[in-house]
Amino acid sequence: NAGVTQTPKFQVLKTGQSMTLQCAQDMNHEYMSWYRQDPGMGLRLIHYSVGAGITDQGEVPNGYNVSRSTTEDFPLRLLSAAPSQTSVYFCASSYASGGAGAKNIQYFGAGTRLSVL
Amino acid sequence: EDKVVQSPLSLVVHEGDTVTLNCSYEVTNFRSLLWYKQEKKAPTFLFMLTSSGIEKKSGRLSSILDKKELFSILNITATQTGDSAIYLCAVEARRNQFYFGTGTSLTVIP
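Line by line, the protein sequences give chains A and B. With the numbering used here applied, the first sequence covers 1 to 117. With the numbering used here applied, the second sequence covers 1001 to 1110.
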């Protein structure tokens, strides 16, 4: 029962470096999203996707890129890391919202702790 | 601006106490409200509420939504040390847009 898998679990970057955080789900969910969690700020939506080939911005998209070439994978790219991007990143997936019901529950990965020096 | 506010920010209680966690929201096009429990890693789902006045229960945890007053509460009775966690409230404000509160950190002392 893999669910939502994120890699790596930890990463340290230098300012200006690039990297990709990986996220994969095996539940055939249409909806996938990336959040960052900072102390006192809760979870904030970075980008989301309602299906392969479709992505959109959330609350805090600047400095991040995403793509969704398959239903299973939704990588998050940092093109030029900055200290302000030090955070814990969570990927989540669910069935796409089409109305009230249990299918709108999001399942989260274990998170990636990123430090940018 | 859509927002979700949780209170208190933190809470320390003794085993056996009952606690009430609060979540208020101001969002456009409310679709659902969800409660999650976050221990050391990923948030795990507790409840989803869409209708006012219908209490959801799971063991010692229960939750209710008031769509008129725009809030929800999460009750935990007979608390145990295993209930220590951050409890997150989230609202689906527009289709596929989830807004989270900052969470309530609960510590249960033996």
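Please keep in mind that the hints were generated in silico from the structure rather than gathered at the bench. Ideal Cβ placement from N, Cα and C applies to all residues, glycine included. Mixed in with the good hints, there may be bad ones.
Stated by the list, open to error - Result set (DSS-like, lysine-lysine): computed pairs, CA atoms no more than 30 Å apart in a straight line:
{"#": "1", "chain 1": "B", "residue 1": "1068", "chain 2": "B", "residue 2": "1040"}
{"#": "2", "chain 1": "B", "residue 1": "1041", "chain 2": "B", "residue 2": "1068"}
{"#": "3", "chain 1": "A", "residue 1": "14", "chain 2": "B", "residue 2": "1040"}
{"#": "4", "chain 1": "B", "residue 1": "1067", "chain 2": "B", "residue 2": "1037"}
{"#": "5", "chain 1": "B", "residue 1": "1067", "chain 2": "A", "residue 2": "14"}
{"#": "6", "chain 1": "A", "residue 1": "9", "chain 2": "B", "residue 2": "1040"}
{"#": "7", "chain 1": "B", "residue 1": "1056", "chain 2": "B", "residue 2": "1068"}
{"#": "8", "chain 1": "A", "residue 1": "9", "chain 2": "B", "residue 2": "1056"}
{"#": "9", "chain 1": "B", "residue 1": "1067", "chain 2": "B", "residue 2": "1056"}
{"#": "10", "chain 1": "B", "residue 1": "1037", "chain 2": "A", "residue 2": "9"}
To be verified - Just so you have them, the derived chain B footprint on chain A, three or more residues with Cβ under 8 Å:
{"#": "11", "segment": "19-28"}
{"#": "12", "segment": "108-117"}
Unchecked claim - Quick list of simulated restraints, FRET-style, between CB atoms:
{"#": "13", "chain 1": "B", "residue 1": "1058", "chain 2": "A", "residue 2": "16", "range": "46 to 54 Å"}
{"#": "14", "chain 1": "B", "residue 1": "1105", "chain 2": "A", "residue 2": "82", "range": "22 to 30 Å"}
{"#": "15", "chain 1": "A", "residue 1": "7", "chain 2": "B", "residue 2": "1044", "range": "14 to 22 Å"}
{"#": "16", "chain 1": "B", "residue 1": "1110", "chain 2": "A", "residue 2": "69", "range": "26 to 34 Å"}
{"#": "17", "chain 1": "A", "residue 1": "40", "chain 2": "B", "residue 2": "1002", "range": "12 to 20 Å"}
{"#": "18", "chain 1": "A", "residue 1": "41", "chain 2": "B", "residue 2": "1054", "range": "25 to 33 Å"}
{"#": "19", "chain 1": "A", "residue 1": "10", "chain 2": "B", "residue 2": "1044", "range": "17 to 25 Å"}
{"#": "20", "chain 1": "A", "residue 1": "16", "chain 2": "B", "residue 2": "1082", "range": "38 to 46 Å"}
{"#": "21", "chain 1": "B", "residue 1": "1070", "chain 2": "A", "residue 2": "41", "range": "15 to 23 Å"}
{"#": "22", "chain 1": "B", "residue 1": "1029", "chain 2": "A", "residue 2": "70", "range": "41 to 49 Å"}
{"#": "23", "chain 1": "B", "residue 1": "1105", "chain 2": "A", "residue 2": "2", "range": "40 to 48 Å"}
{"#": "24", "chain 1": "A", "residue 1": "15", "chain 2": "B", "residue 2": "1058", "range": "43 to 51 Å"}
{"#": "25", "chain 1": "A", "residue 1": "82", "chain 2": "B", "residue 2": "1110", "range": "36 to 44 Å"}
Here is how each hint holds up against the structure:
Between the alpha carbons of residue 1068 of chain B and residue 1040 of chain B the distance comes to roughly 34 Å, so the proposed pair goes past 30 Å and is violated. With a C-alpha separation of about 34 Å, the suggested pair residue 1041 of chain B and residue 1068 of chain B falls outside the 30 Å cut-off, and the hint is violated. Distance hint between residue 14 of chain A and residue 1040 of chain B is fulfilled; the C-alpha atoms sit about 26 Å from each other, no more than 30 Å. With a CA separation close to 22 Å, the supplied pair residue 1067 of chain B and residue 1037 of chain B stays within the 30 Å bound.
As the CA atoms of residue 1067 of chain B and residue 14 of chain A are separated by approximately 46 Å, the hinted pair breaks the 30 Å bound. For the given pair, residue 9 of chain A sits about 13 Å from residue 1040 of chain B by alpha-carbon distance, which is consistent with the 30 Å threshold. Restraint check: the Cα-Cα separation between residue 1056 of chain B and residue 1068 of chain B comes to about 18 Å, which is no more than 30 Å; the hinted pair holds. The hinted pair formed by residue 9 of chain A and residue 1056 of chain B fails the criterion: a straight-line CA distance of about 34 Å is larger than 30 Å.
For the suggested pair residue 1067 of chain B and residue 1056 of chain B, the alpha carbons sit about 15 Å apart, so the restraint of at most 30 Å is met. Between residue 1037 of chain B and residue 9 of chain A the CA atoms are separated by roughly 20 Å; this keeps the pair inside 30 Å, and the hint holds. Counting residues of the segment 19-28 of chain A whose beta carbon lies closer than 8 Å to any beta carbon of chain B gives 0, which falls short of the minimum of three for the stated coverage. Here the segment 108-117 of chain A counts 4 residues with a CB under 8 Å from a CB of chain B, which clears the bar of 3, and the coverage holds.
For residue 1058 of chain B and residue 16 of chain A, the Cβ-Cβ distance of about 47 Å falls inside the hinted range of 46 to 54 Å, so the restraint holds. In this structure, residue 1105 of chain B and residue 82 of chain A meet the distance hint of 22 to 30 Å, their C-beta atoms being roughly 28 Å apart. Remark: the range hint 14 to 22 Å for residue 7 of chain A to residue 1044 of chain B is upheld by a beta-carbon distance near 20 Å. The hinted range of 26 to 34 Å is not satisfied by residue 1110 of chain B and residue 69 of chain A, whose Cβ atoms lie roughly 50 Å apart.
Remark: the range hint 12 to 20 Å for residue 40 of chain A to residue 1002 of chain B is upheld by a beta-carbon distance near 18 Å. Between residue 41 of chain A and residue 1054 of chain B the beta carbon distance is about 31 Å. The supplied range of 25 to 33 Å therefore holds. For the hinted restraint 17 to 25 Å between residue 10 of chain A and residue 1044 of chain B, the CB-CB distance of approximately 21 Å keeps it satisfied. The hinted window of 38 to 46 Å between residue 16 of chain A and residue 1082 of chain B holds, with their beta carbons roughly 43 Å apart.
Here the CB-CB span from residue 1070 of chain B to residue 41 of chain A is close to 21 Å, well matched to the stated 15 to 23 Å. Evaluation of the 41 to 49 Å hint for residue 1029 of chain B and residue 70 of chain A yields a failure: the beta carbon distance comes to about 30 Å. Between residue 1105 of chain B and residue 2 of chain A, the C-beta spacing of about 29 Å breaks the proposed range 40 to 48 Å. Between residue 15 of chain A and residue 1058 of chain B the beta carbons are some 45 Å apart, a value that agrees with the proposed interval 43 to 51 Å.
For the hinted restraint 36 to 44 Å between residue 82 of chain A and residue 1110 of chain B, the CB-CB distance of approximately 43 Å keeps it satisfied.
Consistency with the previously given hints fails for numbers 1, 2, 5, 8, 11, 16, 22, 23, ordered from lowest to highest.
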